[in-house]
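*Asks:* Residue numbers (my numbering): -8 to 420.
These aren't lab readings, by the way, just hints derived from the structure by calculation. Be careful, since some hints might not be right.
Only pairs whose alpha carbons sit at most 30 Å apart, straight line, appear in this in silico DSS-like list of lysine-lysine [to be verified]: (1) K317 <-> K18; (2) K106 <-> K119; (3) K149 <-> K79; (4) K145 <-> K35; (5) K314 <-> K145; (6) K119 <-> K83; (7) K317 <-> K145; (8) K371 <-> K145; (9) K119 <-> K273; (10) K119 <-> K18; (11) K280 <-> K270; (12) K371 <-> K149; (13) K163 <-> K145; (14) K401 <-> K145; (15) K18 <-> K8; (16) K273 <-> K149; (17) K56 <-> K8; (18) K273 <-> K314; (19) K18 <-> K149; (20) K280 <-> K163; (21) K163 <-> K119; (22) K395 <-> K380; (23) K145 <-> K29.
Cβ pair distances, simulated, as ranges [claimed, not checked]: (24) D27 <-> T95: 28 to 36 Å; (25) D221 <-> G50: 48 to 56 Å; (26) E343 <-> L2: 49 to 57 Å; (27) A146 <-> D271: 18 to 26 Å; (28) E415 <-> L2: 47 to 55 Å; (29) F245 <-> K151: 30 to 38 Å; (30) L113 <-> E268: 49 to 57 Å; (31) E278 <-> G50: 17 to 25 Å; (32) E54 <-> K83: 39 to 47 Å.
Glycine residues also receive a C-beta, built at the ideal position from the N, C-alpha and C atoms.
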Amino acid sequence: MKGSSSVPQSLEDLSQKWTEENVLKPKIQEDFEVLDYKVSYVTKREDRDGFTSDLFRLGIEVELKDSGKTERFNFFAKLYPPTEVHRKMVRKTRAFEREIHVYTSLLEQIRSGQKSVTIQKLEPSWPKCVYSIVDNDNNISAIIMEDLMAAGFKAMDKTKGLDFAHLSLSMKAFARTHALTFNVKLQHGVEEMMLRNQQLLDNPLRYFDNLWEIGFEVAIYFLRGYDRTDLADKMFGFRQKHGTVMSYANELMFRPHRMRTLTQGDCWINNMLFRHETKDGKEIPVEVKLLDLQMARYVHPCVDLVYFLFGASDSHQRNPVDKLLKIYYDTFFNILFEVGSPFSRSDYTFDEFEADFQVYRNLGLILGATFAIGQLADPKGIPDVNNLKADFNVVWGEWMERQKDGPNAKDVAARLVDLVEDAEINDVL
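Construct the complete structure from the given sequences, taking the supplied hints into account.
*Replies:* If you want it as structure tokens, here you go:
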């Protein structure tokens, strides 16, 4: 996937000539002529998109010389952000390098580790990457992938969350990813798998621990301000018991467990796109793609699941949770069976899985508190990461504290009450 040319860093760098040489020629196996070429900047700065990259869409129409046929290509480019302050934050997490490793190395391990003889190897529900490049000297990278929106996929409204149908489809997608990477571990052994994927073994979210801490503190304030002192006191006691909430969260995330595998990582609602079809006059989700592998890491699969469920839904939307867990569990082992793995349900029972999920519910409370604040706030009030005047964590922490008196404070408080009551009912508090 890597090319020899310079790394594109702007809309101007994504020229027709650059794209022909680096993306189209390796992809098209005959002579061609570009009939139409359009590139547009699509990062929604006003909505504070683009936390780790600048985003572009490329629409290209070519004529194939041998057949005379025309073909249309739609790509999505992720480039390094333009400002140095923003780039510094991205480099800390090695976000681009992690994602490129997933596509260029881990994906090949997933394919080669499948024993069953099938016409087509199973792959995770990820968008296809068509080109990537890393410039180690200048510490910048770029990724070009298929444009899913051009194929009819769309993002869901993060302020509304996902209904049960969308949650179910997503749980199947997470199970598919986890089963396929777990099979890599089964085929190669833990040590070999770790050696091959060293780039993914650290915790990129550790740089944002302070934000989760502040989010938890702000959540306590919200609950007190909306006459739920009872819930605020329980959250306060939870934090007192564990010292800091993120020390406990990190302890949970990286606790030893035989089911640990390479996971999706950043599983919030904006990092998935859905395709829908109309049946009986109703639009229903039929396919989901999981985006942004920039935070992939080696943890228990339940870390992804609580990150997703408690950030993308309220307690009513995800009810009954045990049905979602069963959908995940069955999909996980069905995938392992398809790839020829001997690892079966008797090796990790549903009761064991449910017990593990209960442990990681604690993490769901910690992460869900910050998600409730960030996802329901007015996006135009969120700090612009491309125009930061100070450290990212400091600026974001100050913004979260201001949300106590923000225009959407009542909505945030209602979501927090739901989150904490759910934690109380399920013995987290």
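*Asks:* Against the structure, test the hints numbered earlier, and report the numbers of the ones violated in rising order.
*Replies:* Violated hints: 1, 19 and 30; rest satisfied.
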